[in-house]
Amino acid sequence: MATKPEPVEAVTVDPTTLRVAWLDAAWQRLGAQLDGGRMPHAVLITGLPGIGKDRFALRLAMRLLCERPHDGDACRECRGCVQFAAGTHPDYHLLAPREAKKQIVIDQVREGLVDTMQLTSQHGGWKIALITPADAMNRSTANALLKTLEEPSGRSVLILVTSNPSRLPATIRSRCQRVPLAPPMAAEATAWLKDQRVRDPDLMLALAGGAPLAAAALQDADLLAARPKLVRALTDLVSGQGDAPAAAGAWAALPFAGAVDWLQTVVHDLIRLRQLGPDARLVNADLRRDLQSTAHRLDWRALHRHLDELGRLRAIVESPVVAQLQWEGVMIAWAERLDVAPINQ
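So for the sequence shown, our numbering puts the first residue at 7; every next one is plus one.
In case anyone wonders, no lab produced these hints; they're calculated from the structure.
Small disclaimer: the values here were computed from a predicted structure and weren't measured.
Even for Gly, the Cβ is constructed at its ideal location relative to N, Cα and C.
Among the clues, some could well be false.
Said to hold, decoys possible - Per label pair, the in silico range of CB-to-CB distance:
(1) ARG145 - ASP201: 38 to 44 Å
(2) GLY317 - ALA193: 27 to 33 Å
(3) GLN128 - GLU83: 16 to 22 Å
All chains should be built: construct the whole structure from the sequences, respecting the hints.
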């Protein structure tokens, strides 16, 4: 029999932060399955980044490991809940990219999951493995996981979390029950952000694509403070006064994925201005003046080509060298794609 390894990662959890109201309907549906003895052996939790997928997954893991569940949720007081909150529960295993890594490597699945999920539960209850983000598994890692999915041991549950389910092999997706999580209505999300004392919640929510947790995190992000400067760099390029390599350096200094995502909102805003005129509703409403001064110089076909290029950029593995080179290409394109047609063309 395999010996039990140390937990993959010890994480301290504050149980009071795990519930978010807009996910209650999904929680109740899954809870009804659990209460009816129909808990699937694997669930795939999906949804936009920043809507609370990891909180939902942790709440589910805690509920399964609770020894005295109450009103469909963990009691937070029993031995299982206390150990889970402290990150020391022997029947809970977290698989996530290790520090300085971007992938969940095959050894994590083999040593931290395949062997341990075959062992008897130390507390006599469920055995739980949480894999987040599940799309961080490469093909070899996913193949190693298949054995556990195809031959689940008794009272074990795999919880996979991802914003990109299409990046998982079909063999993985087909063996999991999908639990899609939807973002809240704007009014509910804005009210929650106000309760969290987030400044300018409407703007933050728009920049985060409607995801409240992502919106709350934006408040302290470097990108938020850099937005006006970055937009001015674009307007200077379009007017022929800017320097593409210098502008690229400013963009490359920011987290790659977040910067690409935000630039996509800028391009969408410019397209709206070209199509609908100066009264168009914008995501970056606070930057309307700068965007409006640039929109009439950019052909709408060029803007759509920018969107295509940004979609390609989004898939590139982040590295300082790659980011600088790619941003230089983007900034040069901004400087070259001009049009002097009227804004309402």
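Hints, one by one, checked against the model:
no., hint, verdict
1, ARG145 - ASP201: 38 to 44 Å, "holds, 43 Å"
2, GLY317 - ALA193: 27 to 33 Å, "holds, 30 Å"
3, GLN128 - GLU83: 16 to 22 Å, "holds, 20 Å"
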